[in-house]
Amino acid sequence: MTEAVLQLRNVTKKIGGRTIVDNLTFDIPAGEVFGFLGPNGAGKTTTIRMIVGLISMTKGEALIKGVSVRNYFELAMTHVGAIVENPEMYKFLTGYQNLALFARRHNGITKERINEVVTMLGLQNRIHEKVKRYSLGMRQRLGVAQAILHRPSLLILDEPTNGLDPAGIRELRDYLRKLTKEEGISVIVSSHLLSEMELMCDRVAIIQGGKLMDIRSLQETRDAAQTKIIIEVDDIPAAEQLLASVFDTARMNVIGDQLELTADKEAIPHITKLLVNAEIEVLGIHAVQKSLEDQFLEITGGEMIV
Amino acid sequence: MSSLSKLIRNENMKIYRRPRTWIMIAFLLLTVALLSGLMNWESYRNPSTDWEQGLIQVNSSMQQELQNNQELNGDQKKQLTEQIKLNEYYLEQGINPRELSLWDYVNNSSSLIILVTILTVIIAADMIAAEFSWGTIKLLLIGPASRTKIMVSKYIATMGFALLLLLLCFGSAFAAGGILEGFDGLSQPLLSVNADGIVQESSMIVDVLQKYGFAVISLIMYVTMAFMISSAFRSSSMAIAFSLLFMLVGNTVTMLLSSYSWVKYLLFANIDLTRYLEGSSPLRPEMTLSFSILMLAIYYLAFQFIAWLLFTKRDVAG
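Those sequence lines, one after another, are chains A and B.
Numbering-wise, my numbering puts 282 at position 282 of the first sequence, and it's gapless, one number per residue.
Numbering-wise, my numbering puts 67 at position 67 of the second sequence, and it's gapless, one number per residue.
Just so you know, the hints here were simulated from the structure itself, not pulled from any lab data.
Wrong hints could be hidden among the right ones.
Stated by the list, open to error - Distance condition first, Cα-Cα at most 35 Å in a straight line; then the derived DSBU-like pairs of lysine-lysine: (1) A/59 / B/211; (2) A/132 / B/313; (3) A/211 / A/228; (4) A/181 / A/228; (5) A/14 / B/313; (6) A/91 / A/65; (7) B/6 / A/91; (8) B/149 / A/14; (9) A/130 / B/85; (10) A/65 / B/149; (11) A/178 / A/111; (12) B/313 / A/91; (13) B/77 / A/59; (14) B/6 / A/178; (15) A/132 / B/6; (16) B/149 / A/111; (17) B/77 / A/65; (18) B/313 / A/130; (19) B/313 / A/211; (20) A/181 / A/91; (21) A/130 / B/6; (22) A/181 / A/111; (23) B/6 / A/181; (24) A/59 / B/313; (25) A/111 / A/130; (26) B/77 / B/211; (27) B/149 / A/132; (28) B/6 / B/211; (29) A/91 / B/149; (30) A/91 / A/130; (31) B/211 / A/111; (32) A/211 / A/132; (33) A/65 / B/6; (34) A/14 / A/228; (35) A/59 / A/14; (36) A/178 / A/265; (37) A/91 / A/111; (38) A/59 / A/211.
Sequences are here, hints too, so could you generate the full structure?
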């Protein structure tokens with residue numbers, strides 16, 4: 001494993017005796033897209049804001065490239081780019097003026113670099129227009145441009161997809177992929193859209209009540225996940241009886257007029273043959289992979305996330 | 001890490017790229033032009049062709065007043081004798097005191113510093129609060145600049161704006177005076193009667209700068225207060241409202257309460273240092289110039305400290 005870009009050590013936040021974030025400790029290696037999942041009020045946003053110093057920590061430490069956020073805030077922040085919710089820019093300035101403003105805070109950002117980022121995000125045609133005339137999607141792109149100008153090692157996205165339409169979300173996802181691949185940036189995302197997180201992240205941390213419940217690698221989960229096969233037939237009891245001779249009955253489940261069976265995808269042709277030979281009318285057979293949402297609900301005990 | 005000068009440039013960009021700022025500047029210039037125009041029109045309407053005759057008349061009536069009026073106190077007597085001396089000097093030298101010179105315009109413009117104060121208070125009130133209402137505060141704070149640095153840059157940019165307005169106020173009044181009355185009045189001295197009863201000449205510009213200086217003290221106090229309220233409540237309307245309220249009613253309230261001795265600890269009792277100049281008296285007899293300066297310094301430091309504490313130590317959530 002490469003050196004961790006972000007290290008959290010016992011990060012804790014208490015407000016008025018209530019613990020919002022409780023002893024979070026984990027590392028994020030370089031080049032990884034890391035997601036924060038959790039129900040409303042689980043402490044995702046609080047954690048992210050503690051990492052960037054918007055909210056103070058009650059206890060613990062966050063190290064960005066080994067630099068303490070608390071003790072060397074300015075130095076630590078040179079490695080960070082952030083998009084917090086809808087990136088609000090100065091609307092009375094043009095896109096370019098906004099970028100120049102953010103660039104000036106860092107050392108050594110050249111005009112060429114600004115232009116490079118503008119072109120990379122496809123903003124070159126409208127960069128000299130006032131931001132108040134930008135659509136939300138364009139503002140989001142400008143937000144990404146602002147965040148990556150100084151080639152940060154860590155990109156922090158707090159609810160980046162709020163208010164974006166599906167096309168905008170997809171666009172953002174593509175940029176993130178490109179960035180992690182081309183510039184080796186690590187990304188932390190918190191989002192309430194589980195399906196998005198599933199597509200974006202390499203690993204997710206599941207947080208509930210301020211506590212870290214689990215960290216899982218999505219690649220592993222995808223591989224390990226067993227497939228559910230859903231069978232629709234005209235005669236459910238007959239089909240159940242038939243399949244019980246081949247599969248473990250514990251892995252079968254009748255839900256309404258569907259028969260659910262946990263098995264490998266490869267079993268589908270075999271099942272079809274069995275059913276057809278027994279002259280049971282097959283209306284449909286399809287495989288469903290257990291989604292992140294299912295797993296998430298398992299872990300958090302069915303509490304809904306918003 | 002961000003350098004302070006670059007942060008100040010950023011803050012300046014946020015001030016001067018807004019159309020509102022230029023409307024304010026235009027408003028100030030327009031007011032100076034209007035005031036100068038009025039002054040010029042007024043002196044044009046009342047031409048003083050026989051000013052020498054007028055001065056002689058005024059002097060003789062003042063002489064009579066001095067001799068006949070028993071109710072005059074020491075101060076009033078002194079004022080009258082000094083005025084008579086000055087008038088005699090005018091007649092000797094052939095100077096028409098009612099003829100306007102460039103310096104009269106500049107002198108009058110010092111009364112517009114209250115307007116400069118109001119405009120700067122509006123800018124100061126927005127400096128921190130607007131970042132919150134725009135939602136840009138998060139991006140501003142997540143950067144390689146400490147909150148203290150950001151606050152200092154904002155304060156300096158605000159004071160820079162005040163300085164610009166002051167220079168414009170002075171400069172435009174100077175230009176208006178020069179255009180309307182000619183620039184030859186530039187060397188005109190300020191005439192006054194000194195302690196020995198002799199008419200003396202002193203520099204006009206020093207007198208004008210002194211006037212500006214006293215007004216700038218209250219400007220700094222009110223602007224710093226607006227800045228603090230902006231930082232405390234994160235609301236620009238609240239900062240503007242409170243600062244202007246204090247500006248407008250502070251004086252009246254302290255006057256009303258002036259019989260209580262604790263009034264001397266209020267900001268408004270100390271903010272007008274011209275009270276310590278000759279010819280006026282402080283709000284309460286026990287107050288001295290050094291006391292007022294000390295009180296102002298304490299208030300100033302308290303405003304700055306509270307603003308700093310509330311800006312740097314509070315969480316930014318929501």
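Checked hints:
1. A/59 / B/211: Outside the cut-off at roughly 54 Å; violated.
2. A/132 / B/313: Given pair residue 132 of chain A, residue 313 of chain B holds - Cα atoms ~32 Å apart, limit 35 Å.
3. A/211 / A/228: It holds: about 31 Å lies between the C-alpha atoms, which stays within 35 Å.
4. A/181 / A/228: 33 Å, holds
5. A/14 / B/313: 15 Å, holds
6. A/91 / A/65: 33 Å, holds
7. B/6 / A/91: Roughly 20 Å between the alpha carbons, so the hint for residue 6 of chain B and residue 91 of chain A holds.
8. B/149 / A/14: With Cα atoms ~27 Å apart, residue 149 of chain B and residue 14 of chain A stay inside 35 Å; holds.
9. A/130 / B/85: Judged against 35 Å, a Cα distance of about 65 Å means the pair is violated.
10. A/65 / B/149: Holds, at about 23 Å.
11. A/178 / A/111: Answer holds: residue 178 of chain A to residue 111 of chain A is near 22 Å, not above 35 Å.
12. B/313 / A/91: 28 Å, holds
13. B/77 / A/59: Roughly 74 Å separates the two Cα atoms, so the pair is violated.
14. B/6 / A/178: 31 Å, holds
15. A/132 / B/6: Judged against 35 Å, a Cα distance of about 25 Å means the pair holds.
16. B/149 / A/111: 25 Å, holds
17. B/77 / A/65: Cα-Cα ~80 Å, so violated.
18. B/313 / A/130: It holds: about 33 Å lies between the C-alpha atoms, which stays within 35 Å.
19. B/313 / A/211: Status holds; Cα separation ~25 Å.
20. A/181 / A/91: Satisfied, since the Cα-Cα distance of roughly 32 Å is no more than 35 Å.
21. A/130 / B/6: Roughly 22 Å separates the two Cα atoms, so the pair holds.
22. A/181 / A/111: Answer holds: residue 181 of chain A to residue 111 of chain A is near 24 Å, not above 35 Å.
23. B/6 / A/181: Roughly 32 Å separates the two Cα atoms, so the pair holds.
24. A/59 / B/313: 16 Å, holds
25. A/111 / A/130: 19 Å, holds
26. B/77 / B/211: 26 Å, holds
27. B/149 / A/132: Distance of about 28 Å is within 35 Å: holds.
28. B/6 / B/211: Holds - the C-alpha atoms of residue 211 of chain B and residue 6 of chain B are around 34 Å apart, at most 35 Å.
29. A/91 / B/149: The given pair, whose Cα atoms are some 24 Å apart, holds under the 35 Å limit.
30. A/91 / A/130: Answer holds: residue 91 of chain A to residue 130 of chain A is near 6 Å, not above 35 Å.
31. B/211 / A/111: Not satisfied, since the Cα-Cα distance of roughly 47 Å exceeds 35 Å.
32. A/211 / A/132: 40 Å, violated
33. A/65 / B/6: 26 Å, holds
34. A/14 / A/228: 42 Å, violated
35. A/59 / A/14: 9 Å, holds
36. A/178 / A/265: Holds, at roughly 32 Å.
37. A/91 / A/111: At roughly 21 Å apart (the allowed maximum being 35 Å), residue 111 of chain A and residue 91 of chain A satisfy the hint.
38. A/59 / A/211: Distance ~14 Å between residue 59 of chain A and residue 211 of chain A Cα, so the pair holds.
Consistency note: the structure conflicts with the earlier hints numbered 1, 9, 13, 17, 31, 32, 34.
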